[in-house]
Each structure stands twice: as C-alpha cells, then as structure tokens.
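With the hints in hand, could you dock these two chains into one complex?
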Amino acid sequence: MSPTMSHSNAVSMPKRIALQGKYETLMMLSNGEQLVLAVVLPIIALFGLTFTDLLEGVAPRSIDAAVPGVLALCVISTAFTGQGIGTGFDRRYGVLRMFSTTPLGKAGLIFGKVIAVLTVLAIQVVLITIVALLLGWEPNLWGIIPAVLFLLLGAATFTALGLLIAGTVRPEATLAITNLAWVLLAGVGGVLFPLTMAPTWLQPTLDALPSAALGDALRAAMIEGQFSIASVIFLVLWAAAGSFAAIKLFKWN
Amino acid sequence: MVSSVTPSLIISELSKDLGPVPALNNRMLRVLDSVSLQALPGQVTTLLGSNGAGKSTTLACAQGLLRPEGGTIELLGQDPFGDNPDLRSRVGVMLQDGGLPPSMRPIPLLRHVAGMYKKPIDIDALITRLDLESFGSRTIRRLSGGQKQRVALALALAGDPEVLFLDEPSAGLDPQSRQVVFDLISEQRDLGKAIVLTTHLMDDAQRLSDYVYIIDKGRTVAQGTVTELTTLAAAEHENRPVNFGATPSLDLPQPPAGLHLSETAPGEYHLTGVSSPEHLNWLTSWWAREGILPTHMNLQARSLEDVFLEFAQKEETV
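Protein chains in written order, with the numbering used here: chain A, 2 to 254; chain B, 94 to 411.
Here chain B stands alone, though its shape is the one from the complex (with noise of 0.2 Å):
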C-alpha cells in the first residue's frame, strides 16, 4: 500500500500463542504467526477468513486487550496497552460477544457510555437510525442476537471516534438492518475515519472494504483492494465460467481444448475455462447454427470467495 496518508493503525509482524492446548500435549498452539497490517483514515480495511483463522484474535491485539508475543502495534501512534483514557476515548470497539450487560436496557447504557466522551456522536439521530427505540424497553437479555449487534454497534460509535475497530459486525442481522449497519460504516469511513472489520462473509468484504486481508491459519496469505484481488492476482490462469439457461438435454458440441461444456441441471449450462473473446464466439455460434435463444445468462466474475478458496488451498497444499 503507498500512500502518504500517517496510518491509524500499524501492526508489524505480529505473533501470538494460546494455551497450552491439552490436544497438544499442553503445548503453546501458534494462532498468529507473523501477521503484519496497516489500517488508513477514510477506509474500510477488512480481515477476511473463516473461523478460527484469527482475525478476531488480531483485532484483541491491536485493541491492547490481549498481548502478543511478539512483533509491534501502534495505534493512533500510541501503544495500545494499558489504561489509556485518552487513546480509549479516539477507538471505538464493537466486541464480538458484544459485551453487553444483560440487565440493563440498551438506551440507558448508550447514554451511560456517551457519557464517558467529552464530545460524544449524537446520541438520539444514533437511536434513530438503530432504531434502539423499537426495543428500548427490554433488558438487553431479551434482545435478538440481530439486535445486540446493533446495540453494540452504537456502543461502539458512541464517542465519534477516529478508528472503529468492528469484529464480525453483521452477524446475526436481517438484510434491512444489515443495510443499515453497511449505511453507517460507509458514512464513517466517508467522515474520515478508520474502519477495521473483520468478516468471514465474502458478501460483506466485497461491498464495503477498500482493503482486505486474507488471513487463513494465523497468517495474511493475500492483500489488495477488492479490484486488485479479485482480477491481477491470478491472471495467468484466468477463468471466467458461463451459465446459461435453455432447453433442456441439449446435444452438446465439443468445445475447444482446454474448455467443457456440460448440463448441471436440466436447462442449466455451465462453460468453464473460458479465457478469450474466441471462446464466446465460439458458444454464440453454436446457438446461432442451432437456433438456440438462451433463456439467460451470465459471465461470472471472479469472486473474492474464489481468490479465498484459491489462498486457502494453496496453503493445504504447502
């Protein structure tokens, strides 16, 4: 990444043990080894990667609740252990288990952590756009999980801070809240603050983030922007597979080398090793020559679950 912009967010070879694992005959098990990552004002930096991969275990770090055993973290330039009122006033964190006690009622906890910020976000437009106040009056116990997340989420955002940290932030959402949530990260980042998320949905990593790194197993196997990942990483082997709907048990031609056509359901065709403009004209004659109209169809990008899977069977294989 190049830029001139100070990131608000640095962490440098970063590798963290838990345990002893009794699995292991009570040994350290390695859960971060070497991960390095940086985090600019006005982005959305993404940690992308199944559970267990540790991103959350990241994340803990580089809040200073939880100590590496080695490598640096500098967050805001600041280290981020220790009581630091000052620093813990400019980040903003939404834990995973969201940390909310179940006997209070979330707006009275809302105003209670607001209160700790000399200049809080505004409380009440928060409420609103959370819409906190459609459960306001059941204690946090009694809250959706989907409801928790937003909660936390305005926990997170009460003190208008300059980096959100934002550990699996739809989890549990319905796709009107998630629009939402998505809404107020996106707003965020357009006010110029820092936003580190993790997530292991390809979905949310591909419509928010400006940066993202894979990690898979406690290391960042990949890093880009969505663009970068998802077209330049692998373009010697590019492939972008074709589906079309039509009539179904077709005759199928043969295919040029290197190409294979098949029904995967009936009406449903599926082209892969489509690499050249070539190869469309070829599918397009066949339809022209035997009068075919598909009913539909689509050229497939590659995903950032491809490039995912990609990296992840890579590393299988080392």
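If we strip away everything but chain A, and leave its shape as in the complex, we get (with noise of 0.2 Å):
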C-alpha cells in the first residue's frame, strides 16, 4: 500500500457512489416540475393513445401500442430532460465544482446522476406498467428482456446528449433546448408514434434520430417480441457519439 492510501480519509468509491445515487435522486423526486415531466405527463399520454385511435393499425389494441413509446418517453423525460436542466443549474450556481473538491470528484459526480436517473426510470417503469396492466395491456413476454435492454441503452444514450447540452450552453438554454426535444420528439420524433406515420420525404431523417430507434425497439419488442438490431446500432452509435462530445466539451463552471 503506498503511503498516499494510508493516509486517505475517503470512503470507498462504490460507498461514494451510492451516496451520491441517493443524493441525486432525491434530487429529482423532490423537483415538482421533474415529477410531472417523469410521471403526470406519460401516464396521460398514455390515457390519451389507449381511448383514442391515433395508433390504429400499430398493434390489434391501442392499449399494446400505447406502451412501449410511452416507455420511451419517460426515459427522454428523466435521461435527457429532467437529468439535463439539473445539471445545467448545477453547473451555474458551481455545485458540480463544489463536489469535485470532495473525494467524490468527477467520475463520482457522473455514476451518481447515472444512478438517479435509473432509479428513477425503475420507478417510472414500475408505475406505468402498473396503470398499463389495470388497462388491460398485454405484453409480449418475449419482448421482455429486449425491452429492458433497450430501456438501458436508451438512458444511456439519452443521458450522454442531456449532459453534452448541460456542459455546453447556459442553464436557460438547456432548458428551453431539452424542453423543447421532448415536445417534439414525442409527437414527430418517433417516439410515441411509428414513423412509418410521418410523410415518406421526412422519414429517412427521422429515422435516424436515437429517440425513434428507442420507440421502434420497444415497439418491437413488446408487441412482436422481436429483437431490433438496427435500433442497437443506431442506438449505440448515439451513445458514443453523445459521449465523446460531452466529455470533450463539457464545462465544469
């Protein structure tokens, strides 16, 4: 052991990361507007599509096809927009500088939003699976663990491009910009609703968006329970892409 450990008065790390997971979540749950953004708002959306026939043809109920992008909703809810606008703030009044000078340091700083923002999406899938169920949804059991995978791929993604717009424009901005993705991604981002809905000459563009390479995959999984491979690119793609900028150009005050 060399003397510089000997001498660390830091918990370990996996025990600072924990902390700081709590710490961030409790963050988000006890921010009003991030609640309605990550729960009120999807469990309407999908009150909206399941007694409505805006998603005929996608799957035999609207119920089943409401689902899974509402899923994918609340993972842009929580990864990108609720996770970005905090960061941004945080970045203003110098709370990511003020945790960097304690053991947690940066890569610290990082896991724990990460931590909160799967917290919360648990959360988030637990309840909308509950409220889908009392509607009558039946999902694709072999859709399952596709479904997870995605869920996860998705966080990851859209949690490297909310850090990437948090560690690079001011907080206002942030919040306008993410406010603003998850309006627009929802209704014509492919997220709620299939682009194969969208006019023919837009949907090449669309299509590369990592928010319809999430809902298609979730689609897919949970009504056909198939397995998109070409959502995994997409998607992996995004994620790399995301979180090369973020670390390149993120600033930490």
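Read the hints as simulated data drawn from the structure, not as lab findings.
Hints are not guaranteed to be accurate.
[To be verified] Below, simulated BS3-like cross-link-like pairs (lysine-lysine); rule was C-alpha separation at most 25 Å, straight line:
1. A:K23 / A:K107
2. A:K23 / B:K212
3. B:K241 / A:K23
4. B:K241 / A:K107
5. A:K107 / A:K252
6. B:K211 / A:K16
7. A:K249 / A:K107
8. A:K107 / B:K212
9. B:K211 / A:K107
10. A:K23 / B:K310
11. A:K16 / B:K310
12. A:K107 / A:K16
Here it is, written out as structure tokens:
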C-alpha cells in the first residue's frame, strides 16, 4: 500500500457513488416540475393513446401500441430533459465545482447521476406497467428482456446527450432546448408514434434520431417479441458520439 | 521562510492566462505571473490583495480546479490535478461562490458531504458551533450571504482536512459570525492544519495570518509575517502619525523640519513625519507650554494597509 493510500480519509468509491446516487435521486424526486415531466405527462399520454384511435394499425389493440412509446418517453423525460436541466443549473451554481473538491470527484458525480436516472426510470417503469396492466395491457413476454435492454441503452444515450447540452450552453438554454426537444421528439420523433405514420420524404431523416430507434425498438420488442439489431446500432452510435462530445466539450463551470 | 517543517503546499513560478479577452483584441490576459508561495502546517497563510489581483485564481490552481500555463504545484506532496479522491479527502475547500445546491437544506447537505469521509469532523458539534440549526429549515436558496458562507465553511471542514482553502471566508458575515469563523480558523491552525485563505480586508489579514503574501496584478509583491511587513519592510522612512484631540482652532506652532501639524477637523489634530522620540518631546513641550491637555491621543502604527498601499503604489509607478 502506498503512503498516499494509507493517509486517505475517503470512503470507498462504490460507497461514494451509492451516496451520491441517493442524493441525486432525492433531488430529482423532490422537484415538482420534474415529477410532472417524469410521471404525470407520460400517464396522460398513456390514457390519451389508449382511449383514442391515434395509433390505429400499429398493434391490434391501442393499449399495446401505446405502452412501448410511453416507456420511451419516460426515458427521455428523465435521462435527457430532467437530468440535463438539473446538471445545467448545478453547473451555474458551482455545485459541480464544489463536489469535485470532495473525494466524490468528477467520475463520482457522473456515476451518481447515472444511478439517479436509472432509479427514477425504474420507478417510472413500475408505475406505467401497473397502470397499463390495469388498463388491460398484454405485452409480448418474449419482448421483456429486449425491452429492458433497450431502456438501459436509451437511458445511456439520452444521459450522454443531456450532459452534452447541460455542459456546453447556459442553463436557461438547456431548459428551453431539452423541453422543446421532449415535445418534438414525443410528437414527431418516433417516440409515441411510429415513423411509418410520418410523410415519406421526412422518414429517412427522422429514422436517424435516437428517439425513433428507441421507440421502434420498444414497439418491436413488446408488440412482436422481436429484437431490433438496427436500433441497437443506431443507439450505440448516438451514445458513443454523445459521450465523446460531452467528454470533450463539457465545461465544469 | 526558513523552516524544517515540510510545507503542505508549494507553488513555484505559477503563471496563468485567461481569455481570449475581446477588449484586448482577443489576446490572452496574463492573470498570474510567476507566483511562488508555500503554506506550512499549523499556520494561516494569507493571500492579500484587491479584487481581481489573482488570489482566487491562485487558489483554484492550487486546488487543481484550474490548470496553469506554467509553474508547479505540490499539494501534500502530490499533483492536485485530476480525480484524486485520496488527496481530495485530505483537503477542504471553501469556494468564493460557495457552490451550494439552492434547493437543498444546509444540514442534510452537510451530512451528505460528510458521508464521503472515513473520519469526518464531529458534525453535530460543527452544526452547533456555526449555528446552522437557526436556519436549518430553510433551503439554501433562501439563506442570506453570511448564512451561505457558514454552510460553505462547514462543508470545507466536513472531512477534518489537513489543508484548508478558504476563499474570502469573512465575506458577508456579521461581526458575531465573523468572530465564530475566526475562532474556528484559529483552532484549526492550532490543531496543526495548514490554512490558506484569501482576503482583501487588511483587518482580517492582520488578525488571522501567520504569514502574508501581498498579491497585486497577478504577482507577489511582498511577503512576510504581519510584524515583518509592518515594521521591517520600510524602516528607512518610518512614519508614525500622531492623532490627538483638543480645543478647536489652536494656534499651531511651526514643527521641526520634516514634520507637519494640521487640524483635520475641528478639535482633531494630526502630526505627520514623526520618526524619533525627540519629535514626541517637541509635541508634549508645546502642550506643557500652552497648558493643553489632549482629550485623547494615539500613535498610529504602520498598518498592513499602509504596506499594501505602498506596494500597490510602487507597482503603479513602475
């Protein structure tokens, strides 16, 4: 053991990350606007799509067509919009700087945020699943494992993109961009509605969006029990590009 | 500074550029130019200078938050840059803007940060000491500047650090909390911690410091103990003004060469140029001759402020 190690007054890395994860999760859950975005709006979307015929032809029953898209929306709410806004304001107030002077460090901060995103996402998924089952949802059981995988991959991709925006522009701009993106992606980004419903000339562009890859993959899994390789490739590419740019461009203060 | 103790912080020849600055045709601005300093355990080392002199930039470099263009920094014998949790666990930092999350309450935040350390300081005692309970129910967003300062200081102390960096620790504090904060700092010093603080307040520097570096325009212009700086530095033109109060509008006698006597306000007199006991003798003989018994008098010692102004003026004329 080096002399430095024996002097250390820091608790172990896993313990630091667990502590920070808990802290960040509580921060997210105690924010009212965040809860509206994470829980209320997705549940409204679920009811809206179940009791209308907006998703006609996507699946035999509306509810089965609606749930995968609503889960994709939950990922974007938490990993991208909520987490991005939180990080943007943390940066403004010097909170990132303060934590990076503690044993937590930058790596601990980022892992803490990842834990918070995954925890809040897990809560969302459980809530949506309960409501959906009560509404008569019958998922394709073969699709459960692929769906979980895509939810995780989607969370990683959108966390990277959220951090990229939060770390490069002013927090007010992050707020505007991530909220606007949430609305646009939900409406026409392939999240709630499959892009086969979009005008043909727009499809190739929209198909390249990570939101479309996530929405399509979840629908393929939960409606047909399929695993979409194309979506994996798209999401991994977006996650890689987003992470690379965030690491290069993120300004800590 | 001659000492056999290993310094906790050694900064040599530090230089830092910021910019590009639009006002300078987008050239870089050199904010630190060859700053060297060290801080010993069991001492308060103060960086004294006006706003914008480069004090906070020096601290940010020493803490590893800002990468300098040149020079070396050794913090507890290690390189402060990069994620180094073991080093961070031994160093406490109070940032100038505090870096406190506005939606948190102070005590849960303090307990959270303390959880990162194997042996944190006695948190309950610290809470009582800094009276954090008195505003514990409020979120940080709703605290006054002074209250935020106390929370930020508590966070810096949470890990019972060996080195404590305090950027303007007394800013925004009322006299009472200022005393509490100063007592805490002195205690930490007596426990053998190395304390590095910045201030633009001469009074703070004079009260707290064991060793002072005067920083002006990104350079160290003078250094020494408070006593060294106030007595030795400019002994050749030592000048201790005398102030006294007496009946207004006295007929002032002509003082010896080099002295100047004036009435600065009705009944307030000021004698400058006093540099030998003979001069005091001259003053008191005049009082005896005229039957003047002053209401008060004092011999003004050279303050750190005089030293600071003197060096700042020197800089101007260079």
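Status of each hint after checking the structure:
The straight-line distance between the Cα atoms of A:K23 and A:K107 is roughly 16 Å, inside the 25 Å bound, and the hint therefore holds. This hinted pair checks out: A:K23 and B:K212 have alpha carbons roughly 21 Å apart, not beyond 25 Å. Among the hinted pairs, B:K241 with A:K23 is consistent with the structure: their alpha-carbon atoms are about 24 Å apart, no more than 25 Å. Of the pairs offered as hints, the one joining B:K241 and A:K107 holds, with about 23 Å between alpha carbons and a cut-off of 25 Å not exceeded.
For the given pair, A:K107 sits about 12 Å from A:K252 by alpha-carbon distance, which is consistent with the 25 Å threshold. The straight-line distance between the Cα atoms of B:K211 and A:K16 is roughly 11 Å, inside the 25 Å bound, and the hint therefore holds. Between A:K249 and A:K107 the alpha-carbon distance is near 14 Å, which keeps this suggested pair within the 25 Å criterion. The suggested pairing of A:K107 with B:K212 holds, with an alpha-carbon distance near 22 Å, which does not exceed 25 Å.
Under the criterion of a C-alpha separation no larger than 25 Å, the hint pairing B:K211 with A:K107 is consistent with the structure, at around 19 Å. Only pairs whose Cα atoms come within 25 Å are accepted, and A:K23 paired with B:K310 is rejected, the gap being roughly 44 Å. The suggested pairing of A:K16 with B:K310 is violated, with an alpha-carbon distance near 44 Å, which exceeds 25 Å. Between the alpha carbons of A:K107 and A:K16 the distance comes to roughly 15 Å, so the proposed pair stays at or under 25 Å and holds.
Hint compliance for this structure: hints 10 and 11 are not met, and every other hint is.
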